[in-house]
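Chemist: Work out the full structure, taking the sequences as your base and the hints as a guide.
2 protein chains.
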Amino acid sequence: MSGPGRPGEEALIARYFAPLAGEGAEGLRDDAASLAPTPGHDLVVTTDAIVAGMHFFPDDPPASIARKALGVNLSDIAAKGADPRGFLLTLALPSDWTEAWLAGFAEGLGEASRALGCPLLGGDTVRTDGPLLIGVTAFGEVPSGGIVRRQTARPGDLICVSGTIGDAALGLALRLDPGAAWATALSDGERAHLADRYLHPRPRTALAGLLRRHATAAMDVSDGLVGDLGKMLGGGTTARVDARRIPHSSAARHAVMVNEGLIETILCGGDDYELIFCIPEADWPAIEAEACVLGVDITMIGQVADGQVAPEFIDLSGNARGFARRAFEHF
Amino acid sequence: MSGPGRPGEEALIARYFAPLAGEGAEGLRDDAASLAPTPGHDLVVTTDAIVAGMHFFPDDPPASIARKALGVNLSDIAAKGADPRGFLLTLALPSDWTEAWLAGFAEGLGEASRALGCPLLGGDTVRTDGPLLIGVTAFGEVPSGGIVRRQTARPGDLICVSGTIGDAALGLALRLDPGAAWATALSDGERAHLADRYLHPRPRTALAGLLRRHATAAMDVSDGLVGDLGKMLGGGTTARVDARRIPHSSAARHAVMVNEGLIETILCGGDDYELIFCIPEADWPAIEAEACVLGVDITMIGQVADGQVAPEFIDLSGNARGFARRAFEHF
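Line by line, the protein sequences give chains A and B. When the count follows full-length UniProt numbering, it moves up by one through the first sequence with no breaks and lands on 331 for the last residue. When the count follows full-length UniProt numbering, it moves up by one through the second sequence with no breaks and lands on 331 for the last residue.
Quick caveat, the hints were computed from the structure, so don't treat them as lab data.
The list cannot tell twin chains apart, which means a pair is met if one copy fits it or any two copies do.
No more than 20 Å apart at the CA atoms, straight line, and that leaves these computed lysine to aspartate or glutamate pairs for EDC-like:
#1 K231 x E312
#2 K231 x E10
#3 K231 x E26
#4 K231 x E9
#5 K231 x E264
#6 K231 x D242
#7 K231 x D306
Please read these numbers as outputs of a predicted model, since none were measured by experiment.
Modeler: Now the structure itself:
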């Protein structure tokens, strides 16, 4: 893998990744790290890989790719009510990698790692004849037994989401067809907002404590609100969602004004990395106040109900509506 | 990714992988697992990926590929003195995957997981336009602070290895050139032994407790004895190794009798997945007895010494010898 002017695996690790190593990682000079949760806590573990041409564009800036690889994993950690503790990195590099690319990748990874309080604990670098693949295993921690599960909502619970829904899906659509009529109708600032939301997921780590204290169930919205809500319910519950309440950015609202068919992209497209969670109805005032203090917008969009049917979405005219495409499949 | 007659990601997980799920994995119906070490213990975490065409042959039996992916990770866990606790799986599938392949893979993974006492805790399945990649993150546990490190040997310590060295490298050479003169000189049984050692790493999990109690430093031999010994030493230590003591199988000895140049392949080739470790000289009799009870052969091959130079290998004629190829680079 090392070639003319390129370092071998050990030199590459020492130069670019050892500076990101956290406690227990032994400066990445060992094949394994040690990790103990704070006494009275459990570790929460998750793994997600992103592949060039599937989850990002090969010509995305390397720092952005690094940020996405870590961000999508810490989004899962936050959704389980856990605080970040560290991560492992698997880097499958195609033969045309360059040191400049790797330097940019490591810089972006280091920035995200520091910002999210999540040090590098180890990893593996392999060569592939195929597209670049970045795998991350992320660790978080919660008080013992406190992990917030996905399918544990109860009838009557309110359904909330963080941030705004659909920006990233529009950002992807914009990237695939920048000349679309709706895209050219947006302002430069609106286009930049949507593009950025696709490129840079913002894991809602600030909400982990709120979820631990209040949520009866939670997950991150990675494959579209409609499909992910369906995955969160199950075992005898359904939901009634007021689509008029679902929060959208002004850029997304403008896009739908221009082309109302985009509401399907917004509600069923992937890559939001916002949180969707259920709470006891009585907790809403306290949660709204807490989220305000944390500086994260949360919005109540519906309510869990008894039943085995698919969640019902009430549209702008007050009627229940269906969706042609239930969930975005990265797979 | 789902195609005619093939399940989507969720169905695939439910059918093939949910049966392997351990405690804390929530039947793989959540995006994360919870994991707590036994009180008074640390978790040990490691990650290694294997790629078709690099670490295994694309036409290897899927059950063997699964066994290798888990085995190479549990070899690292054992080398750190840790007992297996569980693992996460990343599967990057090329577009031509079949259900028959996946069924064989899951069956082999389940067998290895049960045999090694290491349940599946979660994972991710992605599509790739490139070669099949299998990433594993493995978890083990050791009494708090008890992880056995790599570069902590002291001058005077004895250097030991488990099992036999070089079989897997010969198995790979055999696979690449089955008509080589040395290969055709071996018996069918000898060829089968070498081929099997390349295909099926046997992580030395049985030795984890012995390493915890006695080893001053340890790692697994994955990139060749010569190179890995060099990685284990460092910070002012070197070693003198008696190459005549290095244990080889009868098949490997036969191969070297036919072609003495193969000793370089044996000592510098990869994929042994045996353990190399250092112990206080006084502990040797106790360790030999313990290993005998555990049914694993261990052999003392040399001694750690003061110095910054490369480890010295004393050959059959009593002279120090060098190696053209220092370490096998999978990368």
